[in-house]
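**Q** Listed below are the residues making up each chain.
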Amino acid sequence: GDSVTQMEGPVTLSEEAFLTINCTYTATGYPSLFWYVQYPGEGLQLLLKATKADDKGSNKGFEATYRKETTSFHLEKGSVQVSDSAVYFCALSDAGAGSYQLTFGKGTKLSVIP
Amino acid sequence: GAGVSQSPSNKVTEKGKDVELRCDPISGHTALYWYRQSLGQGLEFLIYFQGNSAPDKSGLPSDRFSAERTGGSVSTLTIQRTQQEDSAVYLCASSLTRAADTQYFGPGTRLTVL
Numbered sequence: 001g002d003s004v005t006q007m008e009g010p011v012t013l014s015e016e017a018f019l020t021i022n023c024t025y026t027a028t029g030y031p032s033l034f035w036y037v038q039y040p041g042e043g044l045q046l047l048l049k050a051t052k053a054d055d056k057g058s059n060k061g062f063e064a065t066y067r068k069e070t071t072s073f074h075l076e077k078g079s080v081q082v083s084d085s086a087v088y089f090c091a092l093s094d095a096g097a098g099s100y101q102l103t104f105g106k107g108t109k110l111s112v113i114p
Numbered sequence: 001g002a003g004v005s006q007s008p009s010n011k012v013t014e015k016g017k018d019v020e021l022r023c024d025p026i027s028g029h030t031a032l033y034w035y036r037q038s039l040g041q042g043l044e045f046l047i048y049f050q051g052n053s054a055p056d057k058s059g060l061p062s063d064r065f066s067a068e069r070t071g072g073s074v075s076t077l078t079i080q081r082t083q084q085e086d087s088a089v090y091l092c093a094s095s096l097t098r099a100a101d102t103q104y105f106g107p108g109t110r111l112t113v114l
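From first to last, the protein sequence lines stand for chains A and B. Those letters in the first sequence? Residues 1 to 114, by my numbering. Those letters in the second sequence? Residues 1 to 114, by my numbering.
Derived by calculation from the structure, the hints in this document are not laboratory data. Take the hints with a grain of salt, since some may be wrong.
What the hints assert, rightly or not - Here chain B is said to cover these stretches of chain A; the calculated rule only asks that three of the stretch's residues, wherever they fall, bring their Cβ under 8 Å from a Cβ of chain B: (1) 36 to 45; (2) 67 to 80; (3) 100 to 108.
Beta carbons are placed, not taken as given, at the ideal position from N, Cα and C, and that holds for glycine.
Just chain A, with the same shape it has in the complex:
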């Protein structure tokens, strides 16, 4: 079945540091890929998505590129802020294979210190 593997946390960075959170996937079909974010005390929010190979999703300074050849969708941000402290989830849906639900990675907790 489909699965998502993302780097274990927690990750602690200083403000303005560069962020990478690795995500790789296995899927039966041609999935859509997502990053969701959960801020402290809040619900899951879509951060960005990509639906086909080489697409780049971007939002709030975060970027991720759909790499079919390496089955990866790594999340990056050039300069993190304290307000980026949250749990980040990589996810996929595999509609082409008839699987419309999201399959999530375990989540990576990011803490940004001033």
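Place chain B on chain A using the hints.
**A** Leaving out everything else, chain B in the frame of chain A:
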């Protein structure tokens, strides 16, 4: 506009009791999903509904779990004879259609089984 709402926000129950959790999706969204989030298992898919089609129940962990969606809108997740391992945050999400793959999440119901 109004997002996905869930009630109650917190529910504490005794082992063996039945509980009902409610989800109101975004108006006009035809697809509705239930997930649960627990420390040990991460985010797991439970069930989804698309319009008047038969629901996909493939993620339900046991026959103690059931869900219905009335009138293509509000959904209720029922857990019978609750067990301590059912303690988790239950999340509801909706999307415009099954194929419109961006899912919007509610704030969740935190269930604690004593």
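**Q** Quick one: which hint numbers does this structure break? Sort them smallest to largest.
**A** 2
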